[in-house]
Amino acid sequence: MAPIEKSDLLQGTLDMLILKIVALGPVHGYGISQRIRQISKEVLQVQQGSLYPALHRLEKRGWLEADWGASEKGRQAKFYKLSEKGRKQLASEESNWNRLAGAVANILQTEPAQ
Amino acid sequence: MSFWKSLFRKRPSDPQMNCELRFHIDELTDENIAAGMSPGEARRRAMLEFGGREQLKEELRDVYRIRLLDATVANLKSALRFIRKSPTFSSTVILTLALAIGANSAVFSAIDAILLRPLPFPAADQLMLVEQHNAKGTAALTRVAPVRLDDWNRLNSTFQSLTGYYTEDVSESTGALPEKVTRAWVYTRFFQVWGLAPALGREFSPEEETIQGPAAVLISDRFWRRRFNADPGVIAKTLRLDGHLYSIVGVMPATFLFPDRDTDLWSPLPPGVSYGRARENNWFIVTGRLQPGVTVAQAHADLATIQAQLARQFPKTDNLSISVEPLKETTIAGSRRSLWLLFGSVTLLLFIACTNIVALLVSRSAQRQHEISVRFSLGASRGALIAQLLTETFLLALLGSGLGLFLAAAASDIFRSLAAQLPRVEEIHLDARIVLYSLACSVVVTLLCGLVPAVRSTRRSLAGSLAQTSRSQVSARNPLQWLLVGIQVALAVTLLAGAGLLLRSFQELGRVTRGFDSSHILAFELSMNWGETGDMKKLRQFTDHVLETLRATPGVEAAAISVGVPGVAFKYQIELKPLEGRAETEPKLIAENRFVSASYFATLRIPLLAGEACRETDGPPTVVVNRAFADAYFSSANVIGHHVQSVEMGYTGAAEIVGISGDARESGLDQPPVPTAYWCAPVAQPGTYFLVRTSNAPMTMAETIRRQLRDIEPMRSAYDFAPLEQHFSDGLAENRLRTILLSFFAATALSLACVGLYGTLSYNVNVRQREVGLRLALGALRGQIVRQFVWQGLTVCLLGCVAGFALAAASSRVLAGLLYGVSPTDLPTLSGVILLVLLVAVAASLLPSIRASRVEPMQVLREG
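If you're matching them up, the sequences are chains A and B in order. Per the working numbering, the first sequence starts with residue 1, numbered consecutively. Per the working numbering, the second sequence starts with residue 1, numbered consecutively.
No lab work stands behind these hints: they were computed from the structure. A couple of the hints might just be wrong.
Stated by the list, open to error - Only pairs whose alpha carbons sit at most 25 Å apart, straight line, appear in this in silico BS3-like list of lysine-lysine:
no.: 1; chain 1: A; residue 1: Lys81; chain 2: B; residue 2: Lys180
no.: 2; chain 1: A; residue 1: Lys60; chain 2: B; residue 2: Lys577
no.: 3; chain 1: A; residue 1: Lys20; chain 2: A; residue 2: Lys81
Claimed, not checked - Chain A stretches covered by chain B per the calculated footprint, using a threshold of three residues with CB under 8 Å from any CB of chain B:
no.: 4; segment: 13-19
no.: 5; segment: 46-53
no.: 6; segment: 75-82
Here a beta-carbon is modelled for each residue, glycine too, at the ideal position from N, C-alpha and C.
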């Protein structure tokens, strides 16, 4: 299956995915793009051109907090973690997404009338 | 709030962004190396994969950059679109604001010119008015003798110079007809003190300021334009004033309206004239310029010391105290209260207009809820939306204030003619400061009106608002809008109460018993000059001749002369000393003084209660006092036969009291009659009014009398013909201005409140259509529906009335000083106001209520 093009991924959905990844623990930008690729089994690949603007936007909105620290290899990197507001935002977006997904699934499962 | 926090969050610097991106690239490089590439190749692939770094950094910077200018332009464009889309809404708001902000700007321009700005002279805060006061009593004869002025000038150390002036009306006869002009005699150093040089020509030369020197005048800008059509060749032309020739040496600038705005020319009064040497001849109004850095208190102390010295030297005439006051203060002090009252009223008006607009905006944004929700779902931040809504409000406010300024400019002539009695009226004009003030008003209005609706309507509700329509609401409470209507009614009631009280006060003034009959009296003046008073005999003959001619004219019933107009305050209260001695414990004889001929009482129909009117023989002077005088000072003894002498007027001897007259309100219609002494002065002098009782309307006789007088005195001009009643109305002009303006504001406030009530009730009716339809279907009567809605409107009005009256009671102290014959809690006025407001409320509520009751139940229920 071909990886989904970046234009197919809505901006709001990318934000939600980033928040979810960061919720798993403080992580830097490179780490986020790696994780998304790994966890989605190479289906979703985020380009840097979308990732970093999204990260900075989320930080500006107050949903992520950033700190400078040392990576595993000892290099200087900017680590992002989830703020309290971000946690709430993630929860609300998750529930919205689930509702939407459930509704779409219901319609798709409908059998044609006999 | 996150919008504001994000404004102040530190954005990452360039090195930081570089560091973050470089880390990513390094990791990618490591990945590639681990996959087996060479370091150089790995790095190249990594950078390729990463994409353009500068481009990315630009995008990152974009996240933080608040594109203020672009956003503002976009907001303005969409605001313009919004205004064009809803013309009725926009024009209502713009007109309301135009009225409120325009009135505000007009009143502010008056306050700015009159109260705030310094006088139009260089270093105007150094200019002082110096007066002398009788050290013993409350009476104030504040003019100063020339000799004393010289002494002050010589001995003081706090003034740069002191000078004096007085004005008189003279006849200028180089034209076809003699014309009355006002001339100011000015002492030396006059123009030095003011600091202004003539706009054309030159000041007086030292030779012209001596007695034998050439006769010169400076003319005013107004006179120059009127008489000479602004001809620059006016220098060296001559004028004939009371028969003497004077040469024009210069024209003063247009802003020089002192000492008086009517002054047409200035002549130097040389020091040392013979009649100026007596210390009791107090003519001059004294002004002075302080030295830089000297305070008023210092100058006062200095002059007081000097005067104390003079008092020791000349105990008979110089036992006086001094007052030094800034000239601006003395010019404007009387009008301050009126102006601030006006300002308070227009500000109140602005608030009422704002409440109207808030209500309109709230209902409007309720209709735009759909649009706002769509915008949110497309990713707009709350801050951006609020900014856009505020921009729309600001644009409306700007347009309104622009229109308002235009209206104020157009109405400025009317305003100026209404306010002609106020000092410094000529200085009022619309300039940059007023425009700035209008702008400030717009900003305040925007914030006041726009913020609450904008914040309220952009509340991020759940996605449900996209699907929700207002029809699903069965009842809407709208507490905010009713609160606004209540506030409007309260403010309108306050203004109405104030206006009503002022109107009643005016009415009371009209009904006051004057003590004299002022109908059918024509008053005029004849041009004279002070030099004529050197020959009293000739003057007496002249006066008698004029009075006889007047009495002989058909249509004239009686004629008299009087210094000062009857019924208008003359401020000539001085102390009298009784020659028969008086106990120390008895009050001093302070009286208002009038100088009249014997026929005065008959002409004005003031009853003579005892004794006789003045004796006009050549014997000692005689005085007639009024009943208030007799009752206040001579309650036990018979006052006729006593002799009194004025303490300040040196040239009158002791006078005998020969009669008692009835009380007349000589010091103004709004004051009770004060003790008055009528001195018999059958000789006219500059400033004397000739009073003529006519059988028909007074002004019809003006031409006849003018012609008669020209026949007997061709060199003199008769001027200022006016019925006596007009002088009263002039005296009340300031009162009238206040009353008219306040009534206008109150009427506007009431109509605004009416519109507000109508609008809110209409909106309410619209929203509750389903409910009404339901009730009608269930069997309610239409009358019940009407009654319910009208009652809703009335309740809010009643509550507003209560609040308004509380506000009016709290501010009653402000009004108390301006009322006459009416107390601030006057019951008829207040009940009238309540009635008016209730009537208006019922009228405003009826239309929407009737519309509500006409709803077709089936149609509404079907739509729901």
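Results of checking the hints against the structure:
1. Lys81(A) - Lys180(B): Roughly 92 Å separates the two Cα atoms, so the pair is violated.
2. Lys60(A) - Lys577(B): Violated - the C-alpha atoms of Lys577(B) and Lys60(A) are around 89 Å apart, more than 25 Å.
3. Lys20(A) - Lys81(A): Roughly 10 Å between the alpha carbons, so the hint for Lys20(A) and Lys81(A) holds.
4. 13-19: violated (count 0)
5. 46-53: Check passed, 5 qualifying residues.
6. 75-82: This one holds; 4 residues, not fewer than the three required, reach chain B with a Cβ under 8 Å.
Comparing the model with each numbered hint stated earlier shows that hints 1, 2, 4 do not hold.
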